[in-house]
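Peer 1: Sequence:
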Amino acid sequence: MVCVFERGQRLMPRMMQRLLLALFVMALGWALAAPVQAGVMTKESMRQAFPSPIIVGEKDAEIPVWPIFKQDATATPLIGYVFESIDLAPIPGFSGTPFNLLIALDAKGEFMDVKVLSQHEPVFVEGLGEEPMLRFVDQYKGLSLKQNIKIGAEKNNGGNANVYIHGVAKATASVRILNQSLLSASLKVARAKMGYAQGRDPDLIARIKPELFKAMAWEALLKNELVTRKVFSNQEVEAAFAGTAVEGVDAEALAAPEADFEDMVVAYLHVPSVGRNLLSPKDWDYLQGRLEPGDSALLVMTKGRYSMLGDEFTRGAVPTRITVQQGNLPLEIRDLDIDLNEPLKVPEALRDAEWKIFRVIGPAGLDPSQPLEFKLRVIRTKGAMYGERVGKDLSVVTQLPDDYFVAANSDNKTWHSIWSDRTAELIILLVSLGLLSWALVKQSWLTRTVKRLTIFRTGYLIFTLFFIGWYAQGQLSIVNITGVIRALVEKQSLSFFLYDPMTIILWAYIAVTFFVWGRGVFCGWLCPFGALQEFLGNAARFLKIPQIKISLVLDKKLKFVKYLVLAGICVTALVSVQWTDRLVEVEPFKTSITLMFVRSWPFVAWAAVLLLLNMVVYKSFCRYLCPLGAGMAILGRLRLQNWLPRRAECGQPCQRCSNDCRYQAIKKTGEIDYAECFQCLDCVAIEQSPELCVPRILESKSRVIPIHAQTTR
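Residue 996 is where the sequence shown starts when you use the working numbering, and the numbers rise one by one after that.
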């Protein structure tokens, strides 16, 4: 019985690995074959959500929406469309998973209903609970897409340019993501089905040419229509208020009708020929760092009798007096809250003008090839108490010249632009992967001396931590695997991966190297958290912090734990998104690499504990607990050959490599356990060294002794 139990214990990890590998490959295949849409609603569930007298039609073949009709005697007129936001605007939240909202939009663009189908925001899952979020969503009913819907307390100024809905305290960022998901998805439907913005696809838009720059002075910018300036006279403003209760209340305007009321300047500041000519090099670089791929930066300047911001304006917020529209649809603009190091390069007459730089995020669908309309809401009042308040807009339209953008085409979808915007980063990554491949192929040259290997490995891990990890945010995660599993369960597409090109390239490279070198290429060379652990582990050895070496028996048992963790997460991913979101936090990657420890204290404490433990038990998290490492080890069994050199004497009798391997991945028999090998190449350097490899030392001595004996004779 004991023998059978021990044999079963040895076989269990391998059997579990094979089972998980089979499940993963099946999930990947089914997910790749799944439909493009990610929505979960069927026609039957739609009928339950919208019962009689509403009739749910057939799902549209071109855009994932369901037309809805209303039974009216013998007629069934179209009253609107219902759709899921995740099909049209899968904007990731803080958990990395998008909101999924069920949105009913009437034929005029008004919200009939909005419901939350699923969400995984930490603040609504474990913090505040869902109730505040549900109250927030209820506010959209009755509002129109043609209104400027903003989040925040309503400003008490009567003629406000925006419609305000109340936010959720302590969840500001999450409700912004929800709001943007709802508006972006709804605008796509309105464009496609209601003729908004002439039916233009917000993902199929022109792109700014980032390489095009022409040095120009202010007058040249105006002449070339890169900057638009318009002056409004008192007379023009007075005419706008004609026939209202506040007509004629501006005595200054009546006294000097030809005088200037407002001087207004607008421009696309993220266009290099605009921004680099108006900003200092340092400010231009700073602006670029504040924008995400696809974002737009708009400069607005005003000088005159009326403030474009007003006393109630808060830095970093949505302005109440300035709005932007394109194709008669509003675009949300938000103050970037930038303080310049040097003044704007504008004429002396505008040096004291009021100015702000506003951002329009990429998902809003701003098209630089189309006219863009800025509106300044001017408010007049009459009467001290319960008086009349009337608002009128002063409009400035700007149009970017054709030379400065690439026209929309079928290859210009949103994810394409993200790839093109990160071209430099992706080239650096590809070159680095080519270098790593060369080093592994030329391992005999790389490991010729311990010093050479140490220099190369240290330099590459610095690159992995700082560039791949902290800068380019290329830390792979178990979330990538659970995402595939969820795609299988919900019949989703894997297209959401296309919005993260670093992840795509790394996974593609690792998928190939599974067949060549196994799991250690990622775990030993390309994992930013692994690199951070290695640096701290080496620092601990340098500081002579006592190290704990786990016994071989206990080490083998502990290495099995990570497979249990992986199995638990994968099974949970099949049945509960909420529990999956909790369990994946066993990985400290998001805390230490993605968020750089800027997170709530329990997560930071967990990451710190793992890093401190690593300083006494080398790479303890990677070896014993990491679910991604377990997945890599399973997929690493696709390796076609044992490629690390071994000698006949390895293990019998020489134990040098086995004793020196800090991963304890070399058996006493001399055989390398590739499932646990991180391919640091230390053992290869030992095997090649005439000073470190015991068999080589003995061979050298055996050659020297006869020569010496012959000489003495």
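Wrong hints could be hidden among the right ones.
[Stated by the list, open to error] Derived Cβ-Cβ restraints for the label pairs, each shown as a range: (1) L1217 x L1073: 46 to 52 Å; (2) E1307 x V1392: 25 to 31 Å; (3) V1548 x P1640: 24 to 30 Å.
[Said to hold, decoys possible] Listed next, the in silico EDC-like pairs over lysine to aspartate or glutamate satisfying Cα-Cα at most 20 Å (straight line): (4) K1446 x D1668; (5) K1387 x D1290; (6) K1544 x E1644; (7) K1225 x E1039; (8) K1225 x E1343; (9) K1298 x E1368; (10) K1663 x E1644; (11) K1351 x D1258; (12) K1351 x D1397; (13) K1277 x D1258; (14) K1204 x D1290; (15) K1218 x D1101; (16) K1209 x D1280; (17) K1351 x E1287; (18) K1298 x D1397; (19) K1225 x E1214; (20) K1054 x E1039; (21) K1551 x D1668.
Don't read these hints as lab results, they were simulated from the structure. The C-beta atom is built at its ideal place from N, Cα and C for all residues, glycine as well.
Peer 1: State for each hint whether it applies.
Peer 2: Status of each hint after checking the structure:
Judged by the Cβ atoms, the range 46 to 52 Å given for L1217 and L1073 holds: they are separated by roughly 47 Å. Separation of E1307 from V1392 is about 27 Å and conforms to the stated range, judged on CB atoms against 25 to 31 Å. Range check, V1548 to P1640: Cβ separation about 28 Å, and the 24 to 30 Å hint holds. Between K1446 and D1668 the CA atoms are separated by roughly 25 Å; this puts the pair beyond 20 Å, and the hint is violated.
Among the hinted pairs, K1387 with D1290 is inconsistent with the structure: their alpha-carbon atoms are about 29 Å apart, more than 20 Å. For the suggested pair K1544 and E1644, the alpha carbons sit about 25 Å apart, so the restraint of at most 20 Å is broken. A threshold of 20 Å between alpha carbons decides the hint, and for K1225 with E1039 the separation of about 55 Å lies outside it, so the pair is violated. Between K1225 and E1343, the direct Cα distance comes to roughly 17 Å. Compliance with the 20 Å bound is thereby established for this hinted pair.
Taking the CA atoms of K1298 and E1368, the gap is about 19 Å. The hint holds against a cut of 20 Å. Our distance criterion of 20 Å between C-alpha atoms is met by K1663 and E1644, whose separation comes to about 11 Å. Annotation: proposed proximity of K1351 to D1258 holds, straight-line Cα distance about 14 Å (limit 20 Å). Note on K1351 and D1397: the hinted pairing is violated, with a Cα-Cα distance of about 25 Å set against a maximum of 20 Å.
Our distance criterion of 20 Å between C-alpha atoms is broken by K1277 and D1258, whose separation comes to about 28 Å. A hinted pair counts as satisfied when its Cα atoms are at most 20 Å apart, and K1204 with D1290 qualifies at roughly 13 Å. Straight-line distance between C-alpha atoms of K1218 and D1101 comes to about 44 Å, which puts the hinted pair past the 20 Å bound. Restraint check: the Cα-Cα separation between K1209 and D1280 comes to about 17 Å, which is no more than 20 Å; the hinted pair holds.
Taking the CA atoms of K1351 and E1287, the gap is about 18 Å. The hint holds against a cut of 20 Å. Taken as a hint, the K1298 and D1397 pair is broken in the structure, with Cα atoms around 29 Å apart against an allowance of 20 Å. Of the supplied pair hints, the one linking K1225 and E1214 holds, its CA atoms being roughly 14 Å apart against a limit of 20 Å. A C-alpha spacing of about 12 Å is found between K1054 and E1039, which places the hinted pair at or below 20 Å, so the restraint holds.
At roughly 11 Å between alpha-carbon atoms, K1551 and D1668 fall within 20 Å of each other, so this suggested pair holds.
Violated hints, listed in ascending order, are 4, 5, 6, 7, 12, 13, 15, 18; each of the other numbered hints is respected by the structure.
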